[in-house]
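Engineer: Listed below are the residues making up each chain.
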Amino acid sequence: MAVLLLADVNDGHLATDQVAKTLAAVKGLGEVHLLVAGQGGDAAAADAARLEGVSKVLFAGDHAYCHGLAEPTAALVVSLAGGYEHICGAATAFNKNVLPRVAALLDVMVLTDVTAVVDASTFERPIYAGNAVQTVKTADAKKVFTVRTANFTAVGAGGSAPVEAISGPADGSLSKWLEDKVATSDRPELTSAKIVVSGGRGLGSEENFAMIEKLADKLGAAVGASRAAVDSGYAPNDWQVGQTGKVVAPNLYVAIGISGAIQHLAGMKDSKVIVAINKDEEAPIFQVADYGLVADLFTAVPELTGKL
Amino acid sequence: MKVLVPVKRVIDYNVKVRVKADGSGVDLANVKMSMNPFDEIAVEEAIRLKEKGLATEVVVVSIGVKQAQETLRNALAMGADRAILIEATADVHQDIEPLAVAKLLAAVVKEEGPGLVLCGKQAIDNDLNATGQMLAALLGWAQGTFVSEVALDGDAAKVTREVDGGLQQISVKLPAVLTVDLRLNEPRYASLPNIMKAKAKPLATKTPADYGVDVSPRLTVIKTAEPAGRKAGVKVGSVDELIAKLKDEAGVI
Ligand SMILES: Cc1cc2nc3c(=O)[nH]c(=O)nc-3n(C[C@H](O)[C@H](O)[C@H](O)COP(=O)(O)OP(=O)(O)OC[C@H]3O[C@@H](n4cnc5c(N)ncnc54)[C@H](O)[C@@H]3O)c2cc1C
Ligand SMILES: Nc1ncnc2c1ncn2[C@@H]1O[C@H](COP(=O)(O)O)[C@@H](O)[C@H]1O
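Each protein sequence line maps, in turn, to chains F and V.
Counted from 1, the first sequence has number 79 at position 79 by our numbering; the numbering is strictly sequential.
Counted from 1, the second sequence has number 514 at position 206 by our numbering; the numbering is strictly sequential.
No lab work stands behind these hints, which were simulated from the structure alone.
Computed from a prediction, not measured in an experiment: that's the story for all the values here.
One or more of the hints may lead you astray.
What the hints assert, rightly or not - Cut-off 27 Å, straight-line C-alpha distance, at most; resulting in silico cross-link-like pairs (BS3-like, lysine-lysine):
id, chain 1, residue 1, chain 2, residue 2
1, F, K269, V, K555
2, F, K137, V, K531
3, F, K218, F, K137
4, V, K531, F, K142
Unchecked claim - Output of the computed footprint for chain F on chain V, the stretches with three or more beta carbons under 8 Å from beta carbons of chain F:
id, stretch
5, 425-435
6, 498-511
We put the beta carbon where it would ideally sit given N, CA and C, even for glycine.
All chains, please: the whole structure from these sequences, using the hints.
Structural biologist: Structure representation (structure tokens):
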């Protein structure tokens, strides 16, 4: 039986990187159908149709599916579920909201943040902030799961799948979208960036945090932050890297003024090369850093930015 | 309006987790256990609603081993009014799956009739992030997940959600299930007098059979392994040396 992959669409645009990496993770399970939902998603559906390994795009263009509201979106997925053994999506805020709801409606368990698909019913996923990796086999007939995309390489865009318009239940009476407060930036997206520069409590203030952004811009990098930096208001919530924030695995991760709590490491320890700048030589971040610089960030960071 | 808060007993977030050598799981014998940090935030929010006169009663529920009593007493000491313990297993290593937890919570909701359920966003042991969404599904209710702000507004709640691109504001019809994120509030510590008072607050003990719910797992854990470690790196002496290493040795800039 086929795989139904719920695609992320943000503001009418396909989240291509997330979807293409999820495709890479699940393509061994069978024919993959992509579900694109939301009014005005025509362009996203067309982009989805070009991804390699997609055999069909289902496009549900009802207004009720806009803004990723969980109740109508889950009802739509459930209405299609009969034809699929696997129902999945990238482990994004959107799918983490919708897919557990889908699973419960189907009376099956959900597996979130899957890092490897072993076979049709066996999956690997991290637990305890990544301190352990579990291999689990599900007895459910339908498998509902989200994929942690950081460790997969995106499929290419040389395909040409048909797009089929569909409709489904579209009751929008339970919740209403009011507003998105989304900052747009020219920087690469955190979860797909090749380089990430992150700042922590060590920065001391929102003004000082600009130092991190300057270095990131010099490197063409995305900006990340520790929970402490976000809680203190130095950085917005969507920059948080860690157990309960975003999981990244760039070629280069630079941690500045971050101690290296296990909850932070959970979000970045699979990066290829890790650099840490911290004035405390005992900071746990140095245990995972390939290159550690024990220094005051207020002198080291401007110097680094200047010399690059 | 009654508010229901499910609280889970989990390994304390400061404890270094150890995977058992035989790959059968994580060692939970004699380690410090605490209330799931997100659930403390949920309890705090419920108590604040009561303090503002928006909630009439705060009921906390925990599902698991009998020691989860301690977690419930902790919530009572923070200010919850009443607790329900559903003893679902005697084995500290058995995690009751979110689907089963959601079914039990749905049964409790039917009995108690709360106007709002405040769950944590995720349990820091299994990291599943699923129970609140599953409960909302089983009840046919609206859900507001990963919330960092809640404002009750008649028969709806206006919530701010932490999403990938920033924040999203939605309005959910009540009754609803909300799952709380880190920045919703800072939970209070229980004072000594309140810890004493909590001992006298009602705590009912139930079993899954009382609710007619089958909690047998759908998942079989085949193996629990340590993640691949990183090999120790080097300390560099200067910014110049760092740049040279990144360029010549690692080739990442
Ligand atoms: C349920 C739960 C979930 C969590 N989820 C996350 C998560 O997703 N992501 C996350 O990051 N955290 C998370 N945390 C928080 C985590 O436990 C740590 O509290 C947090 O990561 C610490 O952030 P930090 O390293 O910036 O701050 P600190 O631990 O305070 O470290 C600051 C560092 O800056 C250094 N420093 C200070 N001044 C300078 C200077 N002038 N020059 C150089 N270095 C300097 C210090 O030596 C120190 O090492 C979570 C916690 C809980 C309980
Ligand atoms: N065994 C349990 N007892 C009480 N509440 C639970 C239990 N398991 C999960 N929850 C609630 O559901 C939330 C999310 O847990 P999870 O879906 O396991 O990540 C937790 O923060 C709790 O509020």
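Engineer: Straight-line Cα separation of K137(F) and K531(V) no greater than 27 Å?
Structural biologist: holds, 10 Å
Engineer: Quick check: do three or more residues in the stretch 425-435 of chain V have a beta carbon closer than 8 Å to a beta carbon of chain F?
Structural biologist: Contact hint for the stretch 425-435 of chain V vs chain F: holds, 6 residues under 8 Å.
Engineer: Would the hint linking K531(V) and K142(F) be met if the CA-CA limit is 27 Å?
Structural biologist: Judged against 27 Å, a Cα distance of about 22 Å means the pair holds.
Engineer: Take the stretch 498-511 of chain V, compare each residue's beta carbon with every beta carbon of chain F, and decide whether three or more fall closer than 8 Å.
Structural biologist: Not satisfied, violated; 0 residues make the cut.
Engineer: Check the hint pairing K218(F) with K137(F) against an upper bound of 27 Å on the C-alpha distance.
Structural biologist: Judged against 27 Å, a Cα distance of about 45 Å means the pair is violated.
Engineer: K269(F) and K555(V) were given as a pair; does the straight-line alpha-carbon distance stay at or below 27 Å?
Structural biologist: Distance of about 21 Å is within 27 Å: holds.
Of the numbered hints listed earlier, those contradicted by the structure are 3, 6.
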